[in-house]
Amino acid sequence: MSDTLIEVKHLKKYFDVPSGQLHAVDDVSFKIEKKKTMGIVGESGCGKSTLGRTLIHLLESTDGSIFFEGRDVTRLNAKELNEFRHQVSIIFQDPYSSLNPRMTAEQMIAEALKITKRCKKDQIEEETRRIFDMVGLDRRFLKSYPHELDGGRRQRVGIGRALAINPKFIVCDEPVSALDVSIQAQILNLLMDLQEQVGLTYVFITHNMSVVRHISDNICVMYLGQLIETCPTKELFTTPLHPYTKALLSAIPSTDITKQKEQVLMKGELTSPINPVPGCRFYARCDHSCEKCLEPQSLQELLPEHFVSCCRARELNQL
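Okay, so the sequence shown: first residue is 1 according to full-length UniProt numbering, each after it adds one.
No lab work stands behind these hints: they were computed from the structure.
Among the hints, erroneous ones may be present.
[Unchecked claim] Think about it this way: if two alpha-carbon atoms lie no more than 27 Å apart in a straight line, the pair counts; the simulated DSS-like pairs of lysine-lysine are:
#, residue 1, residue 2
1, K9, K35
2, K35, K168
3, K143, K79
4, K114, K79
[Said to hold, decoys possible] Pairwise CB distance ranges, derived in the manner of DEER restraints:
#, residue 1, residue 2, range
5, H147, H207, 39 to 49 Å
6, Q186, K292, 43 to 53 Å
7, D133, D287, 32 to 42 Å
8, E69, Q186, 26 to 36 Å
9, Q21, R139, 44 to 54 Å
None of these values were measured; they are calculated from a predicted model.
Ideal placement from N, C-alpha and C gives every residue a C-beta, glycine not left out.
Kindly produce the complete structure, drawing on both the sequences and the hints.
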């Protein structure tokens with residue numbers, strides 16, 4: 001039996017704009033194993049959130065395939081798509097704007113239970129309280145509205161709402177970036193505990209390299225809609241191969257004042273994702289760019305389970 005829950009093949013999501021097409025996600029392929037966490041990292045605007053929402057069909061893909069347990073989600077009929085949506089969920093970045101201000105925490109979780117018909121009507125109240133306990137919320141907040149809760153508790157309500165449909169797969173879209181640093185670790189640990197208890201599979205989207213290192217099993221690095229490097233988490237932090245990945249890692253603050261850290265600075269401005277030309281999208285900002293970089297690039301396995309999209313990666317890393 002396959003350990004793969006999701007397999008993405010040549011996924012594309014384009015948006016029509018007055019000057020052409022914005023390539024938010026452009027020819028992306030990867031696999032996610034069951035009960036594992038795939039981190040998606042990159043700068044703002046690189047297509048991380050669009051990718052996450054396309055995976056669970058909040059956005060319809062332009063082209064490509066998304067296989068969930070062997071079935072292509074992009075080809076499901078209305079009934080099959082509804083069944084699929086009962087197996088996937090999402091945790092949004094801002095817990096305040098993603099919660100209904102007119103509903104209590106209890107009502108929001110109960111609503112998800114009613115929609116999916118997971119339990120009988122007379123069991124909804126009991127199940128809601130059980131979910132409250134799972135996400136570490138005191139039951140005295142059952143009747144609280146979002147504005148009466150702090151950021152950490154609001155995000156716990158959001159996590160509880162995502163869990164209410166009993167999903168197999170959850171997209172975590174920057175779930176801690178809007179929270180105080182003191183609360184971030186609590187939410188990350190909660191997500192990891194829930195994964196172990198329930199057997200969840202995550203896509204964890206973030207721009208924070210320290211956060212993704214803590215929670216992810218594998219990482220995909222995105223740049224302007226494309227994956228440029230993907231490998232196990234430990235491998236990425238010890239042996240980054242793409243110049244862009246090295247620049248991201250060099251920006252992580254270090255508490256070790258005795259260790260000299262090489263600063264990799266990116267030059268120039270982001271190129272436009274609208275009607276992009278073939279070739280490496282990092283070309284204009286890379287210190288190692290050459291004419292060959294203007295040719296179409298693809299992910300190549302340079303080390304075991306370590307894929308990189310850079311025509312000079314082998315040479316630059318002396319592999």
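Legend entry - Those earlier numbered hints the structure runs against, lowest number first: Going through the list in order, the structure violates hints 3, 5 and 7 and respects the others.
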